[in-house]
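**Q** Working from the sequences, and respecting the hints, build out all of it.
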Amino acid sequence: MNDGAIKEGDLLWHPSDQFKKQSNLADYMQWLEKKTGFVFQEYADLWEWSVANLEDFWESLWAYFKITASKPYAEILSERKMPGATWFKGAELNFTEHVFRNRSSNGPALIFQSEIQSLTKITWAELEKKVASVAAAMRRMGIQKGDRVVAYMPNIPETAIAFLASASIGAVWSSCSPDFGTRSVIDRFRQIGPKVLFTVDGYQYGGKRFECCSAAEEIRKGLPTLNHTVMVNYLERNAFPADIVMWETLLKESAELAFSQVPFDHPLWIVYSSGTTGLPKALVHSQGGILIEMMKFLSFHLDLHPTDRFFWFCTTGWIMWNILIGGLLVGATPVLFDGNPGYPDLDLLWNLAEKSRATFFGTGAPYLTACMQAGLDPGSKYDLSKLKGIGSTGSPLPPEGFQWVYDKVKKDVWLGSVSGGTDIASGFFASCPLLPVHAGEIQCRCLGVKAEALDEEGNSLVNEVGELVVTEPIPSMPLYLWDDPDGQRYFKSYFEMYPGLWRHGDWVKVKPRGSAVIVGRSDSTLKRMGVRMGSGDFYSAVEALPEVVDSLIVGFDTAGGSYFMPLFVVTQDGMDLDVDLKVKIREKIRTALSPRHLPDEIYAIDEVPRTLNGKKLEVPVKKILMGFSLGESVNPDSMSNPKSMAYFLGLSKTLNAA
Numbered sequence: 000m001n002d003g004a005i006k007e008g009d010l011l012w013h014p015s016d017q018f019k020k021q022s023n024l025a026d027y028m029q030w031l032e033k034k035t036g037f038v039f040q041e042y043a044d045l046w047e048w049s050v051a052n053l054e055d056f057w058e059s060l061w062a063y064f065k066i067t068a069s070k071p072y073a074e075i076l077s078e079r080k081m082p083g084a085t086w087f088k089g090a091e092l093n094f095t096e097h098v099f100r101n102r103s104s105n106g107p108a109l110i111f112q113s114e115i116q117s118l119t120k121i122t123w124a125e126l127e128k129k130v131a132s133v134a135a136a137m138r139r140m141g142i143q144k145g146d147r148v149v150a151y152m153p154n155i156p157e158t159a160i161a162f163l164a165s166a167s168i169g170a171v172w173s174s175c176s177p178d179f180g181t182r183s184v185i186d187r188f189r190q191i192g193p194k195v196l197f198t199v200d201g202y203q204y205g206g207k208r209f210e211c212c213s214a215a216e217e218i219r220k221g222l223p224t225l226n227h228t229v230m231v232n233y234l235e236r237n238a239f240p241a242d243i244v245m246w247e248t249l250l251k252e253s254a255e256l257a258f259s260q261v262p263f264d265h266p267l268w269i270v271y272s273s274g275t276t277g278l279p280k281a282l283v284h285s286q287g288g289i290l291i292e293m294m295k296f297l298s299f300h301l302d303l304h305p306t307d308r309f310f311w312f313c314t315t316g317w318i319m320w321n322i323l324i325g326g327l328l329v330g331a332t333p334v335l336f337d338g339n340p341g342y343p344d345l346d347l348l349w350n351l352a353e354k355s356r357a358t359f360f361g362t363g364a365p366y367l368t369a370c371m372q373a374g375l376d377p378g379s380k381y382d383l384s385k386l387k388g389i390g391s392t393g394s395p396l397p398p399e400g401f402q403w404v405y406d407k408v409k410k411d412v413w414l415g416s417v418s419g420g421t422d423i424a425s426g427f428f429a430s431c432p433l434l435p436v437h438a439g440e441i442q443c444r445c446l447g448v449k450a451e452a453l454d455e456e457g458n459s460l461v462n463e464v465g466e467l468v469v470t471e472p473i474p475s476m477p478l479y480l481w482d483d484p485d486g487q488r489y490f491k492s493y494f495e496m497y498p499g500l501w502r503h504g505d506w507v508k509v510k511p512r513g514s515a516v517i518v519g520r521s522d523s524t525l526k527r528m529g530v531r532m533g534s535g536d537f538y539s540a541v542e543a544l545p546e547v548v549d550s551l552i553v554g555f556d557t558a559g560g561s562y563f564m565p566l567f568v569v570t571q572d573g574m575d576l577d578v579d580l581k582v583k584i585r586e587k588i589r590t591a592l593s594p595r596h597l598p599d600e601i602y603a604i605d606e607v608p609r610t611l612n613g614k615k616l617e618v619p620v621k622k623i624l625m626g627f628s629l630g631e632s633v634n635p636d637s638m639s640n641p642k643s644m645a646y647f648l649g650l651s652k653t654l655n656a657a
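Numbering-wise (numbering that gives the first Met the number 0), the sequence shown opens with residue 0 and increments by one.
Just so you know, the hints here were simulated from the structure itself, not pulled from any lab data.
Treat the hints with caution; some may be incorrect.
FRET-style restraints, in silico, Cβ to Cβ [unchecked claim]: (1) 44 to 117: 47 to 55 Å; (2) 460 to 602: 32 to 40 Å; (3) 216 to 83: 40 to 48 Å; (4) 221 to 380: 39 to 47 Å; (5) 251 to 216: 23 to 31 Å; (6) 589 to 88: 52 to 60 Å; (7) 192 to 579: 56 to 64 Å; (8) 504 to 217: 27 to 35 Å; (9) 252 to 37: 16 to 24 Å; (10) 460 to 216: 51 to 59 Å; (11) 557 to 117: 52 to 60 Å.
Straight-line C-alpha distance at most 16 Å; calculated EDC-like pairs for lysine to aspartate or glutamate [to be verified]: (12) 410 to 55; (13) 407 to 376; (14) 409 to 353; (15) 128 to 7; (16) 508 to 7; (17) 387 to 9; (18) 34 to 55; (19) 587 to 636; (20) 385 to 411.
All figures in this text were calculated on a predicted structure; none of them were measured in a lab.
Glycine included, every Cβ here is placed at the ideal spot set by N, Cα and C.
**A** Here is the structure:
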């Protein structure tokens, strides 16, 4: 990487005519032309049609994907409002039925590797047999439509099997990864009153084995509605409580796979907000809404085909796990991995891409930047000839990260950044196989998603930073929040600032060509002398320096009326943050951004506070420095490294005593 050579918007890749022609999106556009006579020359024209004609667009997807319903819909969109839109009223279907209806005739259903298990493949026949057995066992347990089924499980095949079985009988799924603390798990699961818990005896991460039986027992005690616990013997322990059902027992009885038909808006799963302050919000998504949205997103924006092997590094507590398993809907083969992506070194996932012959490799942006900073060169070390696409999400990928992918991973690869969220289990902005890739930019607004940047008065902005707002409903928006009978919590979370419009909480800049740049969370946006500045710009500049491996910046008004904007950095190998390095950091910010962006102070820290899903905790740090207590600022159980807050509590005392 040539430091400073790349800038936002630089053209890095252009799809070949053959690449575009073979895409699912091109096929859909041809299909639309034959069915409707509509001819779209450019993606932008198709997007405009999709958001201006919501009913026609979503009905076309129903027909194009040949969605199977035991009862037809009477109306496509009953109430065009947010919240409260009702989609495909009257239709009855089943999510899991579409998984097995679209099974690929070639290749495995799942590929799996962990720190315990070498690369293994599961056939479609094996998957169907196990899903059928687990579903039948749950029925024998008395699980009915609408009952909640929860999992305290890692990203292993058994978790996917349990989810598909749950959906097949119309139960409502929810999962947490074992790296969540028991309090975090109970805070999530207790809200929804589950009847069955799937868990493991332990897991291995970073070469160390972690026992989960005691944690599972604590979770069981914290869930008064629980009737059954199923244990996967992942570490092959021997002794378990007598009232626990072993996973192998569920598989002993063969059964025919049956699909309970449920209304389009019947709950499929419950996912959670980060819960950094207070209890996590429990968001309920529908079977039909997720089905049609995932088919669209995976087929058109990730261009997955039945021959594809689809990898995304994730845990079961992140929405990307749900999307990864959703790859089965389009006949692709999800590649599952359980373990530390940096153990024994950062090359691990690239090695997995070679061994699994992955065609699409997805991960969080921090992993790509970590590989860049470590000087990795995966393209010269591994056979990545099968790789056609790379996905990045979780946080903005800086332009330098884009360039590193093309310099060191693969020159001819489609790099797609995605921005959406747990909230819709999909993307607002994502990749497009028909468009070029520009450094630091997300290629397009997703089809059917009328996402805009709005100012405080609700005016649409182009090439300026504004609130990310969605002005038309999407089928995968939450049905409601659990235990929110009057809908007030749901309304306040998304619709209070712009009544009738979905405000997501991100700052975004929409470019004239339709691409987008996510600037950061709007509640953590820096505003100095009336000028808004996104934290992502700082991270892109500062973390490009070889001496800096991570950083965090916040800004707030002090009691004295001034604005204080400190920068916190984690240095390479713990090197001293001396005067020379501070000067270098300031000069980098000055040249890459502007003199206005210069921080008031630069502090060295051991680690950046992060959520369990790896997102930087800017707002809680800001609140602590403003004088709020730890409890008022963050729920430590929602953090991957709660001890990191001790530094900021100490600094807060110093700042507020001054």
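**Q** Mind checking the hinted window 51 to 59 Å against the Cβ distance between residue 460 and residue 216?
**A** Given a distance of about 53 Å, which is inside 51 to 59 Å, the answer is holds.
**Q** Between residue 44 and residue 117, is the Cβ distance one that fits in 47 to 55 Å?
**A** The hinted range 47 to 55 Å holds for residue 44 and residue 117, with Cβ atoms some 48 Å apart.
**Q** Please check whether residue 589 and residue 88 have a Cβ separation lying inside 52 to 60 Å.
**A** The hinted range 52 to 60 Å holds for residue 589 and residue 88, with Cβ atoms some 57 Å apart.
**Q** Below or equal to 16 Å on CA atoms is what counts here, so check residue 385 against residue 411.
**A** Distance of about 11 Å is within 16 Å: holds.
**Q** Given the proposed pairing of residue 410 with residue 55, does the C-alpha separation stay at or below 16 Å?
**A** At roughly 39 Å apart (the allowed maximum being 16 Å), residue 55 and residue 410 break the hint.
**Q** Next pair to validate is residue 407 with residue 376; report whether the Cα-Cα distance is within 16 Å.
**A** holds, 5 Å
**Q** Confirm or reject the claim that residue 504 and residue 217 have a C-beta distance inside 27 to 35 Å.
**A** holds, 33 Å
**Q** State, for the Cβ atoms of residue 460 and residue 602, whether the hinted interval 32 to 40 Å holds or is violated.
**A** Between residue 460 and residue 602, where Cβ atoms are some 34 Å apart, the hint holds.
**Q** Just to be careful, I want the Cα atoms of residue 409 and residue 353 compared with a cutoff of 16 Å; is the pair within it?
**A** OK: residue 409 and residue 353 at ~13 Å, within 16 Å.
**Q** Given the range 23 to 31 Å, decide if the beta-carbon distance of residue 251 to residue 216 lies inside it.
**A** About 25 Å separates the Cβ atoms of residue 251 and residue 216, which means 23 to 31 Å holds.
**Q** Check the hint pairing residue 128 with residue 7 against an upper bound of 16 Å on the C-alpha distance.
**A** violated, 49 Å
**Q** Would you say the C-beta atoms of residue 192 and residue 579 sit inside 56 to 64 Å of each other?
**A** With a Cβ separation near 58 Å, residue 192 and residue 579 satisfy 56 to 64 Å, so the hint holds.
Hint compliance for this structure: hints 9, 12, 15, 17 and 19 are not met, and every other hint is.
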